[in-house]
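Chains as they are written, first to last, in the UniProt record's numbering: chain L, 1 to 497; chain D, 1 to 497.
Hints in this document: simulated from the structure, not taken from any laboratory.
Quick caveat: nothing in here was measured; it's all calculated off a predicted structure.
One thing to keep in mind: the hints can contain errors.
[Said to hold, decoys possible] Pulled from the structure, derived: some chain D residues nowhere near chain L, Cβ distances all over 12 Å:
{"hint": "1", "residue": "Arg199"}
{"hint": "2", "residue": "Gly261"}
{"hint": "3", "residue": "Tyr492"}
[To be verified] Okay, the calculated beta carbon distance ranges per label pair:
{"hint": "4", "chain 1": "L", "residue 1": "Ser168", "chain 2": "D", "residue 2": "Leu322", "range": "50 to 60 Å"}
{"hint": "5", "chain 1": "D", "residue 1": "Lys13", "chain 2": "L", "residue 2": "Ser124", "range": "33 to 43 Å"}
{"hint": "6", "chain 1": "L", "residue 1": "Asp188", "chain 2": "D", "residue 2": "Asp80", "range": "31 to 41 Å"}
Think of the CB as a built atom: it goes at the ideal place given N, C-alpha and C, for glycine as much as any other residue.
There are 2 protein chains.
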Amino acid sequence: MFESAEIGHSIDKETYEKEVIVLREALLEAQYELKQQSRFPVIILINGIEGAGKGETVKLLNEWMDPRLIQVESFLLPSDEELSRPSQWRFWRRLPPKGRIGIFFGNWYSQMLYARVSGEIKDSRLDVAINAAERFERMLCDEGALIFKFWFHLSKKQLKERLKALESDPQRSWQLSEVDWKQSEVYDKFVRYGERVLRRTSRDYAPWYIVEGAEERYRSLTVGRTILEGLQAALKLKARPTPQPHAAPLVSSLDNKGLLGALDLTLSLDKDQYKEQLAKEQARLATLMRDKRFRSHSLIAVFEGNDAAGKGGAIRRVTDALDPRQYRIVPIAAPTEEERAQPYLWRFWRHIPARRQFTIFDRSWYGRVLVERVEGFASDADWLRAYAEINDFEEQLVDFGIVLVKFWLSIDQETQLERFKERESIPFKRFKITEEDWRNRDKWDLYVDAVGDMVDRTSTEIAPWTLVEANDKRFARVKVLRTINDALEAAYAKKKG
Amino acid sequence: MFESAEIGHSIDKETYEKEVIVLREALLEAQYELKQQSRFPVIILINGIEGAGKGETVKLLNEWMDPRLIQVESFLLPSDEELSRPSQWRFWRRLPPKGRIGIFFGNWYSQMLYARVSGEIKDSRLDVAINAAERFERMLCDEGALIFKFWFHLSKKQLKERLKALESDPQRSWQLSEVDWKQSEVYDKFVRYGERVLRRTSRDYAPWYIVEGAEERYRSLTVGRTILEGLQAALKLKARPTPQPHAAPLVSSLDNKGLLGALDLTLSLDKDQYKEQLAKEQARLATLMRDKRFRSHSLIAVFEGNDAAGKGGAIRRVTDALDPRQYRIVPIAAPTEEERAQPYLWRFWRHIPARRQFTIFDRSWYGRVLVERVEGFASDADWLRAYAEINDFEEQLVDFGIVLVKFWLSIDQETQLERFKERESIPFKRFKITEEDWRNRDKWDLYVDAVGDMVDRTSTEIAPWTLVEANDKRFARVKVLRTINDALEAAYAKKKG
Chain L
1 MFESAEIGHS IDKETYEKEV IVLREALLEA QYELKQQSRF PVIILINGIE
51 GAGKGETVKL LNEWMDPRLI QVESFLLPSD EELSRPSQWR FWRRLPPKGR
101 IGIFFGNWYS QMLYARVSGE IKDSRLDVAI NAAERFERML CDEGALIFKF
151 WFHLSKKQLK ERLKALESDP QRSWQLSEVD WKQSEVYDKF VRYGERVLRR
201 TSRDYAPWYI VEGAEERYRS LTVGRTILEG LQAALKLKAR PTPQPHAAPL
251 VSSLDNKGLL GALDLTLSLD KDQYKEQLAK EQARLATLMR DKRFRSHSLI
301 AVFEGNDAAG KGGAIRRVTD ALDPRQYRIV PIAAPTEEER AQPYLWRFWR
351 HIPARRQFTI FDRSWYGRVL VERVEGFASD ADWLRAYAEI NDFEEQLVDF
401 GIVLVKFWLS IDQETQLERF KERESIPFKR FKITEEDWRN RDKWDLYVDA
451 VGDMVDRTST EIAPWTLVEA NDKRFARVKV LRTINDALEA AYAKKKG
Chain D
1 MFESAEIGHS IDKETYEKEV IVLREALLEA QYELKQQSRF PVIILINGIE
51 GAGKGETVKL LNEWMDPRLI QVESFLLPSD EELSRPSQWR FWRRLPPKGR
101 IGIFFGNWYS QMLYARVSGE IKDSRLDVAI NAAERFERML CDEGALIFKF
151 WFHLSKKQLK ERLKALESDP QRSWQLSEVD WKQSEVYDKF VRYGERVLRR
201 TSRDYAPWYI VEGAEERYRS LTVGRTILEG LQAALKLKAR PTPQPHAAPL
251 VSSLDNKGLL GALDLTLSLD KDQYKEQLAK EQARLATLMR DKRFRSHSLI
301 AVFEGNDAAG KGGAIRRVTD ALDPRQYRIV PIAAPTEEER AQPYLWRFWR
351 HIPARRQFTI FDRSWYGRVL VERVEGFASD ADWLRAYAEI NDFEEQLVDF
401 GIVLVKFWLS IDQETQLERF KERESIPFKR FKITEEDWRN RDKWDLYVDA
451 VGDMVDRTST EIAPWTLVEA NDKRFARVKV LRTINDALEA AYAKKKG
């Protein structure tokens, strides 16, 4: 795999200088076209052997192109902020928006490689990391990203020469990093595990490019030209080809019996029961949130439901129990311009709570398989792949110790009608009802199908849905609180066991 | 994930009978259209809880449709044949051809689940199996297959009732299988690990369908309708959408220096050296192939190279050392009709040697990234994804203990011209030279690029390429033999260590 990057490639000075003039102009032009179209981001991953010219090449790319449209990200030691969230968070927060180029040093591949070379993880953990990287990149590409993965290579002999040169140059010796490259076995391991990683993750949509790093001119020109050709090809495609999902459409259940239909919406609490149980559950929540075991967790509550199902009221009963510094409510409406320039899940990743924090999502990432599916805002291909992407996403949250509860507040059509009418007649509630709510109501059956599929495909052992019978607001509020409390207790118990 | 398959779905008899008449006709029609188009195969995976109606449903599908176009495959205990090859081999050999439906019982999912539930494998091995299934199915779908994955579900209570019924029915009690479903914890484990498997492998291109299995009419109609709708949608697509690879085209090395160019083609052996070394290496091979350590291995040698590079002669020098029962030569020319109706790698999987056997491929699966790429027989998307598919394929071979050696026999253009002319002038060699050889010669540079990319992307630590300097036939033949011998010795040494 590395053979042809060890044969002593080189470019003479004259050819190089002639080529660079043409290349720079073409790169700049492509870069502006990228900005102009703003259809997709470009992500360039920089990996490989120490001293193979990674830094120099990136510096050069910044000289050749317009650096204002390039963000160079270096992932050294994670910050406290980053350590208190799932490990992918630090990459999500620095993804370049559409129309821009992000250059990632010390990315997910460096992390898994350094961990494996240093013996911190074993092969099986490396394979898990490889698989996660593959899924992450496929998602990014499905969302339109153009990914270049460069491996800067040196033969063992070349490395030794470079290390000597670096050592004697005090300005550069700080570059020697995490592992001790002077040890001969470090090179061997790095190449061996590197090969495993490259072999498994070089896919048609995001291939690796191996570049011989010893000779500067050859290396620079190769990287520049690879980026140019790939960028030009992608810009020419105009519309990203969205393949038809080669799969059956989802079939709604034949007997019109669904989970929602199976709910007993007559469940209710009288005033006294409500008062008592609400007080009890609120006190329980307050205690659980102050429990010292919460320090190794965080909490996410997702609220979805029919219009007028009482999400706001239920959320308020939860937050009433807490100090405002303990929680944050993220209302999800139409995405901002900045959010539209990123992969779909980006706008949710940015709000993932740090340890000890509690975030309430008033509507959520499930919008893609609910409103976006029903209204046709997302293509079939996009919402169909979203189930798997969401499961991958939630698995990361839960693996990190985040307690995740998801509520669907369910009411029937009659109750909704009553509440709509009430909202229209009460002045301070009128802002809550719009033309759109009435339009959504006409699509009731489509939403029933979408919710059914959503629960079938994303209610998992690690992140189950809770369907809440919400015709009676009191019943719903208590059930929501109790579910959160039970989930926290279960997480604490698990920690102990 | 299984919630909505536990709510007691049912269909009344009258509705069922009315629906079935329509469904059967539509299924038959779709089936004939599938046969007519013969563009893709349909693979139906049957999994789930014991006693949930898997067998009954498949029986019904055969009644409803034309059973001549359906092959039902049941993967019980592997045969000796199967045990002596990588585990995927048994699935490959039974893949339905384009235009037909294959129904797979006891497929890859059953195997990983039973192994995990019985404790034979741990979570990390389960994850590896899940990942392999995902890659396998993606490849099948990229090759056009339409995959349905059905999980027949029962609640724990329903299972208990079914088991009682089965037990008292002597005709059916043989159905109780590998694990003891009567144990309550078996159900729990099966559902827990099943959920993990379903969550990870339900992708847009091959989603899982969970079917409540308790009530026969509902279950049958649901499966039938799901297949019908999916099949109709796929038939309507007409051309399979082949997405443009969203990646840079491969860049050939800028200084025109490649691995092939770096070969020293003046290497040669004089007659005496050749005689002596050939005899020595042939004797060595004969001994190594009779070594008892070969019993746990098999051997595959792949021969690729320029036209007239001497593949045939080199192969003969290898086989000269052996008893004809010890090896098999598989010459790869244009695929047969049967082979064209299968995924690309199928024609190679069928020739994978069993343990203790030696197969020589005279040209190979690398045709896709060589001639098919250069001649445009494969789309860019197809040959670009082939590198990863080939690496996955070879990893399975090597993991199973197969010793895999791959040769590229390299000559320069002058030598080729001489040999072409010689072939034309010698009557008994004239059959070896065709118009096509001359045409290929005009594409010399394109082949140089293709070979370079091939080696860069598929010469891996586990399955390296050996580039053979073949201007001198004697040198080439000895190098080939020596490489095979070294590879066998290395494999034996590893076994010991």
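List, from low to high, the hint numbers that the structure doesn't satisfy.
-> 1, 2, 5
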